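A.B. asks: Going by my numbering, the first residue of the sequence shown is number 2, and it counts up by one from there.
It should be emphasised that the hints constitute simulated quantities derived from the structure, not laboratory data.
The structure displayed is predicted, hence computed values, not measured ones.
Idealized CB from N, CA, C, for every residue including glycine.
It cannot be assumed that every hint is accurate.
For each label pair, taking beta carbons as the anchor points, the in silico distance ranges come out as [what the hints assert, rightly or not]:
#1 82 <-> 203: 44 to 50 angstroms
#2 202 <-> 91: 38 to 44 angstroms
#3 126 <-> 84: 27 to 33 angstroms
#4 55 <-> 220: 24 to 30 angstroms
#5 210 <-> 105: 39 to 45 angstroms
#6 236 <-> 17: 33 to 39 angstroms
Using 16 angstroms as the maximum straight-line C-alpha spacing, the simulated EDC-like pairs for lysine to aspartate or glutamate come out as follows [claimed, not checked]:
#7 61 <-> 4
#8 55 <-> 208
#9 239 <-> 86
#10 32 <-> 101
#11 55 <-> 204
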Amino acid sequence: MKDSKRLYFFNFLIILSTFFSYIFGILIRNKFLLPILNISFSYPFMIYLISRGKRREALKSMLIWALSLIIFGTALFSFFPEKAECTVIKGKEYRDEMFEWIRTGVGRESNPKEFIPQHLLHITIFIILSLISSSFLSILMGSVMVNYMNFYVSQLILHSKNKIIPILLGWHFWSLIRVLSFVILGVLLSEPLLCFIKRKKLEMGKEKALILVSIAGLILDIILKILFAPLTGNIFRKLIF
Numbered sequence: 002m003k004d005s006k007r008l009y010f011f012n013f014l015i016i017l018s019t020f021f022s023y024i025f026g027i028l029i030r031n032k033f034l035l036p037i038l039n040i041s042f043s044y045p046f047m048i049y050l051i052s053r054g055k056r057r058e059a060l061k062s063m064l065i066w067a068l069s070l071i072i073f074g075t076a077l078f079s080f081f082p083e084k085a086e087c088t089v090i091k092g093k094e095y096r097d098e099m100f101e102w103i104r105t106g107v108g109r110e111s112n113p114k115e116f117i118p119q120h121l122l123h124i125t126i127f128i129i130l131s132l133i134s135s136s137f138l139s140i141l142m143g144s145v146m147v148n149y150m151n152f153y154v155s156q157l158i159l160h161s162k163n164k165i166i167p168i169l170l171g172w173h174f175w176s177l178i179r180v181l182s183f184v185i186l187g188v189l190l191s192e193p194l195l196c197f198i199k200r201k202k203l204e205m206g207k208e209k210a211l212i213l214v215s216i217a218g219l220i221l222d223i224i225l226k227i228l229f230a231p232l233t234g235n236i237f238r239k240l241i242f
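Please construct the entire structure, taking both the sequences and the accompanying hints into account.
C.D. replies: Encoded structure:
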């Protein structure tokens, strides 16, 4: 019971630290500092849980962290758009690319020949970074990617005639599946290097199935994007242009 209460408390601290990471990041306006602040509490806590064999608890905590990133990042970037533009790595570039796609219907977002290679590259880099850094670098990478998506969604909300639709649909559901899949990979792939350092045998047990879940999620992400990205672009075109 004590362990359960302690976990709730630390998960609350993850939510709180994520919120304040955006407050401080926006105030300081340093593009490289923001993602570091984002993971400053969640990553050490994840490693703490993993090192004690509590993989599922670590996964739950990191899912809470990812959800906190999406909610707080999108909300605070909406309230402070000018400061956010100076704070988010690739934020302006991604926003411009996505708005051009929405305006014209032409772009990487709805072109499988362009976005599938990019997705595969991101997955490959993420896996490599996870294995060589116990997921520190890959989770940092994930924070950067979530932040520029957050900035794009915040800009959708600000420029849209109807605020409710981009609040509900701005974060594309296939992108949320991708985030979920990356979180699973990040948590599970943090362990091999830890076991190597401790000279401990890696035993994944039932969690092996979660690797398959994450792979299935990444495949589903691509399929859903092929099917629904053009429709989503049309919806936002009517709201913005």
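A.B. asks: I want to verify a distance hint. Is the separation of the beta carbons of residue 55 and residue 220 within 24 to 30 angstroms?
C.D. replies: holds, 28 angstroms
A.B. asks: Using the beta carbons of residue 236 and residue 17, state whether their distance is inside 33 to 39 angstroms or not.
C.D. replies: Since residue 236 and residue 17 have Cβ atoms about 35 angstroms apart, the given range 33 to 39 angstroms holds.
A.B. asks: How does the Cβ-Cβ distance of residue 210 and residue 105 compare with 39 to 45 angstroms: does it lie in that range?
C.D. replies: At 42 angstroms between Cβs, range holds.
A.B. asks: With a cut-off of 16 angstroms on the C-alpha distance, tell me whether residue 55 and residue 204 pass.
C.D. replies: holds, 12 angstroms
A.B. asks: Determine whether the Cβ-Cβ distance between residue 202 and residue 91 falls within the hinted range of 38 to 44 angstroms.
C.D. replies: Given a distance of about 40 angstroms, which is inside 38 to 44 angstroms, the answer is holds.
A.B. asks: Sort out whether residue 4 lies within 16 angstroms of residue 61, counting only the CA atoms.
C.D. replies: holds, 14 angstroms
A.B. asks: Would the hint linking residue 55 and residue 208 be met if the CA-CA limit is 16 angstroms?
C.D. replies: Given that 16 angstroms is the threshold and the Cα spacing comes to 11 angstroms, the pair holds.
A.B. asks: I want to verify a distance hint. Is the separation of the beta carbons of residue 82 and residue 203 within 44 to 50 angstroms?
C.D. replies: holds, 45 angstroms
A.B. asks: Can you tell me whether the CB distance of residue 126 to residue 84 sits inside 27 to 33 angstroms?
C.D. replies: holds, 29 angstroms
A.B. asks: Verify the proposed pairing of residue 239 with residue 86, using a straight-line Cα cut of 16 angstroms.
C.D. replies: violated, 24 angstroms
A.B. asks: Between the alpha carbons of residue 32 and residue 101, is the straight-line distance 16 angstroms or under?
C.D. replies: violated, 24 angstroms
Checked against the numbered hints above, the structure breaks hints 9, 10 and satisfies the rest.
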